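Asker: Mind docking chain B with the ligands on chain A? Use the hints.
These protein sequence lines are chains A and B, in that order.
Reading the first sequence from the start, the letters are residues 42 to 317 in the numbering used here.
Reading the second sequence from the start, the letters are residues 4 to 265 in the numbering used here.
Keep in mind that the hints were calculated from the coordinates and are not lab data.
Source: prediction; values computed, not measured.
Errors might be hidden in some of the hints.
List time: in silico DSS-like cross-link candidates among lysine-lysine, alpha-carbon distance up to 25 Å [claimed, not checked]:
id : chain 1 : residue 1 : chain 2 : residue 2
1  : B       : 251       : A       : 169
2  : A       : 169       : A       : 134
3  : A       : 222       : A       : 132
4  : A       : 222       : B       : 169
5  : A       : 252       : A       : 183
6  : B       : 247       : A       : 176
7  : A       : 186       : A       : 131
8  : B       : 145       : A       : 106
9  : A       : 175       : B       : 169
10 : B       : 169       : A       : 151
11 : A       : 74        : A       : 106
12 : B       : 95        : A       : 131
13 : A       : 197       : A       : 183
14 : B       : 145       : A       : 151
15 : A       : 59        : A       : 132
16 : B       : 251       : A       : 134
17 : B       : 251       : A       : 201
18 : A       : 151       : B       : 247
19 : B       : 169       : A       : 134
20 : B       : 169       : A       : 132
21 : B       : 251       : A       : 151
22 : B       : 251       : A       : 197
23 : A       : 222       : A       : 169
24 : B       : 247       : A       : 201
25 : A       : 120       : A       : 197
26 : B       : 169       : A       : 131
27 : A       : 106       : B       : 247
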Amino acid sequence: MKQIQMRKSSTTSLISTKKIIQMNNVWASYDSKNFVLEGINLSIDRGTNYAIIGQSGSGKSTLLKLMNGMMIPSKGTIKIDYVSPDMNNKKFKNMMHTIGYIPQSLGLVKNISVLENTLLGALPRLSKIQSLFKKFPEHEIKEAKRILNLVGLSGKEDRKIYMLSGGEKRRVAIARALMQKPTILLADEIVSELDNVTAHEIMDLITDAQKRTNLTAIMVHHDMKLALEYANRVAVIKKGQKILELGVEGETIVDFQTGDVTTEEIMEMYDANSKK
Amino acid sequence: MLTPKNNIIIGIIIALLVVASYNVDANPIEFVEGLPNLAIVVEEMLLVEPKYVPTAIWAMFETIQMAFIGTIVGFVIALPLSMLSARNLNSKYVYGPVRALLAAIRTFPSILWAILFVIMVGLGPFAGVLAIIMYTIGFVSKLQYEAIETIDSDPMDAVGSIGVSKWQLIRYVVIPESASHLLSHLLYMFDYNIRQTSILGLVGAGGIGFYIINYIKFFEYGKAAVFMLVVLVSVLIIDWVSVKIRDKYIIKSQHGMEVTTK
Ligand SMILES: Nc1ncnc2c1ncn2[C@@H]1O[C@H](COP(=O)(O)OP(=O)(O)O)[C@@H](O)[C@H]1O
Ligand SMILES: [Mg+2]
Chain A
42 MKQIQMRKSS TTSLISTKKI IQMNNVWASY DSKNFVLEGI NLSIDRGTNY
92 AIIGQSGSGK STLLKLMNGM MIPSKGTIKI DYVSPDMNNK KFKNMMHTIG
142 YIPQSLGLVK NISVLENTLL GALPRLSKIQ SLFKKFPEHE IKEAKRILNL
192 VGLSGKEDRK IYMLSGGEKR RVAIARALMQ KPTILLADEI VSELDNVTAH
242 EIMDLITDAQ KRTNLTAIMV HHDMKLALEY ANRVAVIKKG QKILELGVEG
292 ETIVDFQTGD VTTEEIMEMY DANSKK
Chain B
4 MLTPKNNIII GIIIALLVVA SYNVDANPIE FVEGLPNLAI VVEEMLLVEP
54 KYVPTAIWAM FETIQMAFIG TIVGFVIALP LSMLSARNLN SKYVYGPVRA
104 LLAAIRTFPS ILWAILFVIM VGLGPFAGVL AIIMYTIGFV SKLQYEAIET
154 IDSDPMDAVG SIGVSKWQLI RYVVIPESAS HLLSHLLYMF DYNIRQTSIL
204 GLVGAGGIGF YIINYIKFFE YGKAAVFMLV VLVSVLIIDW VSVKIRDKYI
254 IKSQHGMEVT TK
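Next up, chain A with everything else stripped away, as it sits in the complex (with noise of 0.2 Å):
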C-alpha cells in the first residue's frame, strides 16, 4: 500500500471534540423540484481539516453554499455553532464575519490592487464613516501587510488583481479570508487548477493558519490524494449523496460511514483519481 504523507494540523485526537459544524438528514434544491443534495449528515470537529471530494455537478459547492447561509436546505437542520446559517437570521449575519468563503473561481475584485483586496475581509470592522470615504485605520493596513507576508506576498501589494498568476491570486483570497479572522474557512476547489508544487505551498498555507488559530476549514478538492494527505476526514459526494467519509488511521485508509467498505475498493477509488 501506498504512503500517504501526512501533512494535517493535528489528528483528531489531540483537538477538543466540540462539534462545529452539523447537518442533520439535510436536502437542498434551486427550484424544489430536483434535489441536489439528498439526505447529507455530518459532522465536523473544530480545528480539523474536512475534505469533500466527488464528480463534477454532485452537489460539493452546493453543500458550502449551505455552510455559509448563502442556500437555505429545503428539508434537515444545519447547525454552525449552535445557529441555523440563514443570511436573515441576525445572529448569523454576525458570524458570517468570521467565516471566510472563497469560491471556486475565487471572487477578487479585479480593478483594485492586492492590499485593498486583503481589507475586504475587515468591513465588517469598519464604521459607517470609515467606509463611506474608504477609510481603513492603520492597524488594519498593518494586519493586511502582515497576512500577505504570510502568504507570501509582500512587495506585490500594490498590484492590481488581473496582473498575477494562478496560485498568487489564490494566496490573495486566502489572505482576504484571513483578514476575516475567521474561525471557519470555506474553500471551493482552489487548488484544482494549479500545478503539483503551487497547490502543496498553498495548502501547506492553509494547514499553518490551522495551526495558529485552531481554524477550521472545509475545502472541496479534485484530487483524492491532495484530500487524504491534508484532510482529517475526507466526504465522498455522488449524486447528491454523503456514499463515503473516509480517513487515514495508520497506514490503512478507513471508512468511518459504513464501515463495511474494504480498504482495497477505497484504494482502487484513490488511485483511479491519483492517475489523473
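Answerer: Just chain B with the ligands, lined up with the frame of chain A:
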C-alpha cells in the same frame, strides 16, 4: 443567410419602408428639385465672415460648459438611481418603481425638456443645463444599471458572504467592478450632450444654437456658417480627446479583466 424566413423579414421591412415614406411625404423628385436651393445656401456660406470667429468660439465655450455641468450633475444623480434599479442588488419592489420613473424621464427628448424649463425659469443657458441634466439622468441611468447587472456575481457572493452591508458591497465591489463602464458612459454622454446642447438654442435655452438659428432666420448664411464650423471643429476635437482617454483608461482595464477571466 437568405432562408425563406429571412426573405419574409426583408420583405416586411421593405414594405414598411414604402408605407412610411408615403406617410411622411418623402418625395425623391422634390429632393432633386431642391438641390439648387442647397447650392445657393452653400455659396452664401462660403462667404464666411471671419470677424465672427471670436464670438462663435465664446458661444461654443458656453455650450461646452452647459454640457459639462449637465453631464456631471446628471451622472451623479443617475448613479444612486441606477443602484436602486439594478436587479442584482434590489427586490422588484424597489427596482420596479425606480425604473418606471426613469423610463418616464426618458420619454422626453432634450429639446422638450428645454422648452419646459424655458417656460419655468425663462430664456437662457440655465434652462438648457436643466434640460441636459434631465436627459442625462434618464439616459445614463439605463446604461449604468445595465452595466451593474452584468458584473461578475462571484466577487459579490464572496464579499457578500462576509456579512457586509449593501452600502459597503456597492462601495467596495459594485463600483470598482463597473468603474470602466461607468467612465465610458460618462465620456459618451458628455460627447453626446455637446451636440445636443448645440441645438438647445433653437428654443432659447442658451448655447451656440441660438446664434445659428437667428442668422439662418435672417438669411445670413455666411455668419451662420462660422458658428456651424466652430461646432464641427469642437465636436471633432472632443471626439478625438475622448478616444484618447478611452484608450488610456478604459481599454486597458478591460483588457486586464479579460486576461483574468479563465
Ligand atoms: N445556481 C444554480 N441554479 C440551478 N441549479 C444549480 C445551480 N448551481 C448548481 N446547480 C445544479 O446543482 C447540482 C450540483 O451543483 P454543484 O453543487 O455546483 O456541484 P459540484 O460543485 O459538485 O460540481 C448540479 O446538477 C448543478 O447543475
Ligand atoms: Mg463546484
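Asker: Evaluate each hint against the coordinates.
Answerer: Comparing the hints with the structure gives:
1. Between the alpha carbons of residue 251/B and residue 169/A the distance comes to roughly 34 Å, so the proposed pair goes past 25 Å and is violated.
2. Between residue 169/A and residue 134/A the alpha-carbon distance is near 17 Å, which keeps this suggested pair within the 25 Å criterion.
3. With a CA separation close to 18 Å, the supplied pair residue 222/A and residue 132/A stays within the 25 Å bound.
4. A C-alpha spacing of about 21 Å is found between residue 222/A and residue 169/B, which places the hinted pair at or below 25 Å, so the restraint holds.
5. Simply put, residue 252/A and residue 183/A have alpha-carbon atoms about 22 Å apart, close enough for the 25 Å limit, and the pair holds.
6. Taking the CA atoms of residue 247/B and residue 176/A, the gap is near 32 Å; set against the 25 Å cutoff, the hint is violated.
7. Between residue 186/A and residue 131/A the alpha-carbon distance is near 31 Å, which puts this suggested pair outside the 25 Å criterion.
8. Of the supplied pair hints, the one linking residue 145/B and residue 106/A is violated, its CA atoms being roughly 32 Å apart against a limit of 25 Å.
9. Of the supplied pair hints, the one linking residue 175/A and residue 169/B holds, its CA atoms being roughly 15 Å apart against a limit of 25 Å.
10. Of the supplied pair hints, the one linking residue 169/B and residue 151/A holds, its CA atoms being roughly 19 Å apart against a limit of 25 Å.
11. Proximity of residue 74/A to residue 106/A is assessed by CA-CA distance (about 18 Å); at most 25 Å being required, the pair is judged to hold.
12. Restraint check for residue 95/B and residue 131/A: satisfied, since their Cα atoms lie roughly 23 Å apart, inside the 25 Å limit.
13. With a C-alpha separation of about 15 Å, the suggested pairing of residue 197/A with residue 183/A holds against the 25 Å cut-off.
14. Only pairs whose Cα atoms come within 25 Å are accepted, and residue 145/B paired with residue 151/A is accepted, the gap being roughly 24 Å.
15. Taken as a hint, the residue 59/A and residue 132/A pair is honoured in the structure, with Cα atoms around 20 Å apart against an allowance of 25 Å.
16. At roughly 41 Å between alpha-carbon atoms, residue 251/B and residue 134/A are farther apart than 25 Å, so this suggested pair is violated.
17. Restraint check for residue 251/B and residue 201/A: the C-alpha separation of about 16 Å stays at or below 25 Å, so the hint holds.
18. The hinted pair formed by residue 151/A and residue 247/B meets the criterion: a straight-line CA distance of about 23 Å does not exceed 25 Å.
19. Only pairs whose Cα atoms come within 25 Å are accepted, and residue 169/B paired with residue 134/A is accepted, the gap being roughly 13 Å.
20. Simply put, residue 169/B and residue 132/A have alpha-carbon atoms about 18 Å apart, close enough for the 25 Å limit, and the pair holds.
21. Between the alpha carbons of residue 251/B and residue 151/A the distance comes to roughly 18 Å, so the proposed pair stays at or under 25 Å and holds.
22. With a CA separation close to 23 Å, the supplied pair residue 251/B and residue 197/A stays within the 25 Å bound.
23. About 20 Å separates the Cα atoms of residue 222/A and residue 169/A, which keeps this hinted pair within 25 Å; it holds.
24. With a C-alpha separation of about 22 Å, the suggested pair residue 247/B and residue 201/A falls inside the 25 Å cut-off, and the hint holds.
25. Only pairs whose Cα atoms come within 25 Å are accepted, and residue 120/A paired with residue 197/A is rejected, the gap being roughly 39 Å.
26. Restraint check: the Cα-Cα separation between residue 169/B and residue 131/A comes to about 15 Å, which is no more than 25 Å; the hinted pair holds.
27. Between the alpha carbons of residue 106/A and residue 247/B the distance comes to roughly 44 Å, so the proposed pair goes past 25 Å and is violated.
Of the hints listed earlier, those the structure fails to meet are numbers 1, 6, 7, 8, 16, 25, 27, in rising order.
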